[in-house]
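Protein chains in written order, with numbering that gives the first Met the number 0: chain A, 0 to 96; chain B, 0 to 173.
To be clear, the hints were calculated from the coordinates, so they are not data collected in a lab.
Among these hints, one or two may not hold up.
If you anchor each label on the Cβ, the simulated ranges turn out as follows [stated by the list, open to error]:
#, chain 1, residue 1, chain 2, residue 2, range
1, A, E84, B, I20, 24 to 32 Å
2, A, L93, B, V133, 48 to 56 Å
3, B, L69, A, T88, 19 to 27 Å
What the simulated footprint calls covered on chain A by chain B, stretch by stretch (three residues with Cβ under 8 Å from a Cβ of chain B suffice, anywhere in the stretch; the number is not a length) [stated by the list, open to error]:
#, region
4, 5-11
5, 56-69
For each residue, glycine too, the CB sits at the ideal point set by N, CA and C.
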Amino acid sequence: MVQYSLWLSAVLFALGVLGVVIRRNAIILFMCVELMLNAANLAFVAFSRVVGIDGQVFVFFVMTVAAAEAAVGLAIVISLFRHSESVDTRNFNLLRW
Amino acid sequence: MIDIPFFLFVVFAVVAIGGGIGMVSSRNPVASLLFLVVTFFSLAGIYVLLNAQFIAAVQVIVYAGAIMVLFLFVIMLLNLGSDYHADIRRFGWIVAGFVAAGIIGGILSSGLTQPGLLAGGGGGALVDASVRDVGVVGAVAFPLFRDFAVPFEVTSLLLLVAAIGAVLLAKRRV
Chain A
0 MVQYSLWLSA VLFALGVLGV VIRRNAIILF MCVELMLNAA NLAFVAFSRV
50 VGIDGQVFVF FVMTVAAAEA AVGLAIVISL FRHSESVDTR NFNLLRW
Chain B
0 MIDIPFFLFV VFAVVAIGGG IGMVSSRNPV ASLLFLVVTF FSLAGIYVLL
50 NAQFIAAVQV IVYAGAIMVL FLFVIMLLNL GSDYHADIRR FGWIVAGFVA
100 AGIIGGILSS GLTQPGLLAG GGGGALVDAS VRDVGVVGAV AFPLFRDFAV
150 PFEVTSLLLL VAAIGAVLLA KRRV
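Hey, can you work out the whole structure from these sequences and the hints?
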């Protein structure tokens, strides 16, 4: 089952990458990043069946970083929305070119 | 005789992948978020099947509870659920996305499933012995507060900085 969990983790991570590339809504981009973090968590938990409990401890730290990232990222989304009444990433290309 | 844990694993895995596909492809941000919650719940089920019960509980409470409610709150606050338009990119970008996802998924799956990586795996028995010894929570808590005490404290600093930064960014006038 560890092997299949790692396959599932790779598939979920690839889905997150797909979402980040094809979507334009900033909030959905954040959700895709969360999905990628969860795929990493699944790999950590699966490897904790191989190397011991440390994998589960690492999941803790990943969850903390995810919570911090969600808080700061959503604050950035709110302040972007206040700036231009939209969360579409097409409108935020000032630093792009 | 059907292998019940494996059957449950397949069910949870299919639901997780279906939730991920639904999240990426659904047009309404609220529907997208609810698909992601479905994925998180089925991941919690998989954690239970991998004998990580405490991580499963934390997954439900922190991810499906706190973080997703925060996302939902922001979607409702910005009123994005009502007048959604298609925010999926053009065809070329979709092809590029599938290529990128294929490359990254291929690299990950070939790296994570190479033979020999799972050999020498006595870790599961170690975890189970530790759970029998100090309980499900203790098995995670003892290494967390002994071997990882300094990273744990740094984590609290990270959360403090994130909280201050979020208030600072979202506030109208500082």
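Legend entry - Violated hints, by number in ascending order, as checked against the structure: As far as the earlier hints go, not one is violated by this structure.
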